[in-house]
Amino acid sequence: MKLTRRHTLMMAVGSAVAALVPVRAFAAVEDEIAAFTGGAEVGSDGITLIAPEIAENGNTVPIEVDAPGAEAIIVFAAGNPTPSVATFTFGALAASQSAATRIRLAGTQDVIAIARMPDGSFVQASQEVKVTIGGCGG
Amino acid sequence: MAENVKPRVRVPRDATAGEEITIKTLISHPMESGQRKDGDGNVIPRSIINRFTCTFNGETVIDVTLEPAISTNPYFEFQAIVPETGTFEFTWYDDDGDVYTDSKEITVG
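Which chain is which? The protein sequence lines are W and F, in order. For the first sequence, my numbering gives the first residue as 1332, with consecutive numbering after it. For the second sequence, my numbering gives the first residue as 10, with consecutive numbering after it.
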């Protein structure tokens, strides 16, 4: 095949689109994080996220979040079709600002937890979970 | 719509005043994510529990917003302070408007 200017142009467009797709998927998480934090600076101290390094089954991945003193903790799965996972809001009778649950992960991805502190600051923790079998059916 | 929804809650029977206790809750529910397709390629509509709350004598312990990424049979484990004898009320809110409740009494000796 002779490499014409049209072919070269089409290939360039194709690779540009391919490069854009993962960026867009990542941006969805960024948007949701911004919606929660209001664009404020996010620190990294004072929050713990416990998730397995390798999950054989993405349908039930046990996770645990702990942020002493937090008002609320939000959990995101960066690679899921809808990144938002759960929001925990703690009341006056919560003995510790921690909770454990089981979540679905579509594939190997980062799990992100962000806590909102009473003073209006935010802290974040994230961990990559390798998933052998994804949990979104399909 | 969801059938055979059965909440299960584990709370200690008694505690000392101000003690921190661990509560475990499980509710049987398919948590249909709205991402799956049936044999004919039609999307199965989303049907999940979207909110879970726990209160003690009317005061909030925890309030959780659930998204489709929560697994089938949602499970939660958390800690609560028990200031006095009373009742823990657990409430789950389904997408279809159903509300499932359970309650556990605890005695401060």
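Any given hint could turn out to be false.
Output of the computed footprint for chain W on chain F, the stretches with three or more beta carbons under 8 Å from beta carbons of chain W [unchecked claim]:
{"no.": "1", "segment": "46–52"}
{"no.": "2", "segment": "68–81"}
{"no.": "3", "segment": "98–111"}
Not close to chain W: a few residues of chain F, all C-beta gaps over 10 Å, as computed [unchecked claim]:
{"no.": "4", "residue": "Arg17"}
{"no.": "5", "residue": "Pro92"}
{"no.": "6", "residue": "Glu114"}
{"no.": "7", "residue": "Val117"}
Read the hints as simulated data drawn from the structure, not as lab findings. Note that the Cβ used here is the ideal one computed from N, Cα and C, for glycine as well.
* To do: Hey, is F:Pro92 genuinely clear of chain W, shortest beta carbon separation above 10 Å?
  => violated (7 Å)
* For the segment 46–52 of chain F, does the count of residues with a C-beta closer than 8 Å to a C-beta of chain W reach 3? -> violated (count 1)
* Asked: Can we confirm that no CB of chain W comes within 10 Å of the CB of F:Arg17?
  -> Fine: 14 Å to the nearest Cβ keeps F:Arg17 off the interface.
* Mind taking a look at whether chain W covers the segment 98–111 of chain F? Criterion is 3 or more residues with CB to CB distance under 8 Å. => violated (count 0)
* **10 Å cut-off, C-beta based - F:Glu114 kept clear of every residue in chain W** => holds (15 Å)
* Per the stated criterion, does the least C-beta distance between F:Val117 and chain W lie above 10 Å, as a non-interface residue requires? -> holds (13 Å)
* chain W over the segment 68–81 of chain F, status - at least 3 residues with CB closer than 8 Å -> Holds, because 14 residues of the segment 68–81 of chain F bring their Cβ atoms closer than 8 Å to Cβ atoms of chain W.
Consistency with the previously given hints fails for numbers 1, 3, 5, ordered from lowest to highest.
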